[in-house]
Amino acid sequence: MPWKRIINNFIITMNSAIQREEIQKKLNDIKKTDILVGIPSYNNARTIGHVVKAVQAGFAKYFPDKKCVLVNSDGGSTDGTAETVQNAGIESYQTILINHRTTPSFKITTPYHGIPGKGSAFRTIFEIASALDAKVCAVVDSDLRSITPEWIELLIKPVVEGGFDYVAPLYHRHKYDGTITNSIIYPLTRALYGKRIRQPIGGDFGFSGKLARFYLTKDVWETDVARYGIDIWMTTTAMANKFKICQAFLGAKIHDAKDPGADLSAMLHQVVGATFELMDTYFDAWKNIEGSEPEPTYGFQYAVGLEPVNVNLDRMLDRFRLGVKELMGIWKEFLSEGIRVFLCEIDSLPRENFHIPDEVWVEIIYSFAVAAHKKIINKEHLLKSLTPLYIGKTASFVIETLESSASDVEEKIDRLCVCFEKEKRFLVTNWN
Amino acid sequence: MNNFLQRVIIEPFERFFEMALQFLPDFFSAILIFAFGIVLGLILKAVFLRLFRTIKLDKFSERSGVIELLRKGGIKDSVSVLLAKVIGWITIVIFAVISMRELEIPTVERLFESFLLYLPNVFVAALILLFGYLLGNFFGRAALIASVNAGIKISGLIGRFVKFTVFILSGTMALEQLGIARGTIIISFAIIFGGIVLALAIAFGLGGRDIAKEYLEKKVKGEEKKDEINHL
Chain X
1 MPWKRIINNF
11 IITMNSAIQR
21 EEIQKKLNDI
31 KKTDILVGIP
41 SYNNARTIGH
51 VVKAVQAGFA
61 KYFPDKKCVL
71 VNSDGGSTDG
81 TAETVQNAGI
91 ESYQTILINH
101 RTTPSFKITT
111 PYHGIPGKGS
121 AFRTIFEIAS
131 ALDAKVCAVV
141 DSDLRSITPE
151 WIELLIKPVV
161 EGGFDYVAPL
171 YHRHKYDGTI
181 TNSIIYPLTR
191 ALYGKRIRQP
201 IGGDFGFSGK
211 LARFYLTKDV
221 WETDVARYGI
231 DIWMTTTAMA
241 NKFKICQAFL
251 GAKIHDAKDP
261 GADLSAMLHQ
271 VVGATFELMD
281 TYFDAWKNIE
291 GSEPEPTYGF
301 QYAVGLEPVN
311 VNLDRMLDRF
321 RLGVKELMGI
331 WKEFLSEGIR
341 VFLCEIDSLP
351 RENFHIPDEV
361 WVEIIYSFAV
371 AAHKKIINKE
381 HLLKSLTPLY
391 IGKTASFVIE
401 TLESSASDVE
411 EKIDRLCVCF
421 EKEKRFLVTN
431 WN
Chain D
1 MNNFLQRVII
11 EPFERFFEMA
21 LQFLPDFFSA
31 ILIFAFGIVL
41 GLILKAVFLR
51 LFRTIKLDKF
61 SERSGVIELL
71 RKGGIKDSVS
81 VLLAKVIGWI
91 TIVIFAVISM
101 RELEIPTVER
111 LFESFLLYLP
121 NVFVAALILL
131 FGYLLGNFFG
141 RAALIASVNA
151 GIKISGLIGR
161 FVKFTVFILS
171 GTMALEQLGI
181 ARGTIIISFA
191 IIFGGIVLAL
201 AIAFGLGGRD
211 IAKEYLEKKV
221 KGEEKKDEIN
231 HL
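Those protein sequence lines, which keep their order, are chains X and D. Okay, so the first sequence: first residue is 1 according to my numbering, each after it adds one. Okay, so the second sequence: first residue is 1 according to my numbering, each after it adds one.
In case anyone wonders, no lab produced these hints; they're calculated from the structure. Yeah, the Cβ is synthetic: ideal placement off N, Cα and C, and Gly gets one too. Treat the hints loosely; a few may be bogus.
Stated by the list, open to error - Covered stretches of chain D (in silico footprint by chain X; criterion: 3 or more residues with CB under 8 Å from a CB of chain X, positions within the stretch not fixed):
(1) 44-57
(2) 101-113
To be verified - When the alpha-carbon atoms are kept at most 30 Å apart in a straight line, the in silico DSS-like pairs for lysine-lysine are as follows:
(3) X:375 - D:85
(4) X:379 - D:45
(5) X:287 - D:59
(6) X:242 - D:153
(7) X:332 - D:76
(8) D:45 - X:332
(9) X:287 - D:76
(10) X:107 - X:210
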């Protein structure tokens with residue numbers, strides 16, 4: 001109903017963080033900006049100081065003649081995150097730069113309104129970007145420990161100088177880091193939209209002011225997009241609406257654990273749910289795409305040392321087996337008999353022989369996507385029931401790559417992507 | 001003699017004839033109303049069948065598990081057909097009642113009156129049972145998935161427990177709505193439910209002592225190796 005949407009938008013706008021008096025005052029002082037970098041946060045006092053310093057150093061080093069604004073959109077932190085942001089700064093630019101900046105940069109710290117989550121924080125950042133008519137924007141996570149001033153250059157310059165609208169990050173990550181990205185989100189979005197964006201939910205993006213305003217026109221702020229779904233939504237919206245996209249190599253991504261309290265099934269539900277939702281929205285954009293093509297990548301690529309990641313394989317296999325034993329009744333409504341028989345067989349195999357082939361995994365994910373589209377069962381139940389299967393696939397991946405190098409692992413992920421692309425016919429045929 | 005014949009035979013016949021004359025219009029109008037009810041029932045059945053098929057009610061009922069419930073109860077019709085039939089029959093029954101009232105027979109009137117007054121209770125009870133079934137399945141499945149994802153070994157049991165608790169609760173509410181042994185049912189439910197909780201508490205207390213100890217040791221001493229995988 002358009003009128004309902006109008007009323008909703010009106011209420012949201014009136015509730016918006018930028019309506020606050022002190023924010024309005026700051027916006028009136030700043031008036032306009034060339035560059036805006038947003039940092040969403042929630043209880044990140046431990047790490048956000050470093051991120052703020054890196055961003056300010058990036059402004060000073062790479063954009064000394066541009067007007068720059070740093071926005072911290074906070075979810076009501078109780079650990080002093082806002083104070084850390086206010087107090088963080090580079091005391092003497094001369095200690096890190098030969099030439100220090102001439103134009104002062106600004107800092108805005110504001111709590112966001114709406115559903116608690118990263119997406120709502122981003123929305124406030126987009127609103128401030130729009131109010132300040134920012135030409136280029138970037139967002140970076142507040143839990144980053146490996147961010148450097150160069151990240152700001154790499155995320156901003158392709159927009160300023162290359163005419164791109166969206167800059168996705170490219171990192172070196174540990175082979176067991178970002179497993180939802182590696183096993184579901186990257187292969188699926190690559191097969192759907194034909195663009196090889198390696199970290200579609202990386203969390204650190206650069207984008208044009210035009211794209212920020214386009215994001216604000218979308219009525220998605222009461223959905224999973226307001227939570228963990230925001231990253232995939234930003235990337236997919238840019239891809240499906242034919243905005244000019246590239247990647248920037250940022251080096252290693254080392255960060256604190258995402259959210260120690262967040263449970264895996266909720267994360268999976270939000271991220272995969274948002275991806276499936278976007279498949280409904282952009283069916284016409286992906287149905288005829290075959291294969292994929294690489295996107296331009298900026299930045300000098302180099303090898304990095306990464307911290308080891310501990311994995312409890314026995315526990316993962318236990319979770320998978322428990323899921324196969326108890327959830328088969330739910331899966332039988334949309335998984336083929338062949339897949340179900342396979343899952344029952346693999347369930348009894350010893351750890352060393354445990355292996356979920358790419359073809360099986362692709363059919364599982366496509367079957368879940370079709371089931372979500374056809375609303376075969378309640379969407380939350382459907383997506384949360386994917387958790388044991390995802391854990392099983394991750395366990396299989398860990399077993400297969402125990403001795404593999406980073407490049408071997410990358411090749412393996414690429415083979416999975418090719419499998420997703422080959423089997424896309426299955427998805428399109430079963431969609432309607 | 002003539003008087004006698006008049007009083008014993010002719011007068012009763014005349015009275016019967018008068019009564020018959022009085023009754024016949026009511027009888028015919030009752031038949032007419034009933035016939036109209038049958039025709040209207042058939043028309044409404046066809047109209048609602050088409051409407052339910054247009055709004056794809058069968059697909060929804062398949063997803064929500066109502067079809068499964070009906071099949072278990074030996075009903076092979078689809079929900080659209082079943083509901084259309086029910087609407088048709090309700091129309092026919094309503095017109096049958098109206099036509100019976102037209103006959104103005106006090107016993108029949110009283111019988112139908114109490115039947116009509118009880119009918120909403122049956123309808124509400126059926127609705128409670130249906131919602132109870134749907135909610136039981138929904139919450140049972142939610143509990144099952146949540147406990148599987150939490151790695152609880154007795155997930156199946158937890159799911160079934162939640163499901164049947166909702167079923168029993170809705171069954172109790174439906175029986176109470178029908179006014180069947182109100183006090184007895186509530187007391188039985190309270191005893192059964194309290195008994196289950198007590199049994200579970202004793203079972204956990206006695207049987208689960210070692211598991212609880214092991215669990216607490218793991219939690220406190222942190223013996224279990226943790227995953228450090230960052231999924232996003």
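Evaluated hints:
1. 44-57: violated (count 0)
2. 101-113: Per the Cβ count (0), the hint is violated.
3. X:375 - D:85: 28 Å, holds
4. X:379 - D:45: 34 Å, violated
5. X:287 - D:59: Status holds; Cα separation ~25 Å.
6. X:242 - D:153: This hinted pair is violated, its Cα atoms lying about 48 Å apart.
7. X:332 - D:76: This hinted pair holds, its Cα atoms lying about 22 Å apart.
8. D:45 - X:332: Measuring from Cα to Cα gives roughly 35 Å; hence the hint is violated.
9. X:287 - D:76: 38 Å, violated
10. X:107 - X:210: 22 Å, holds
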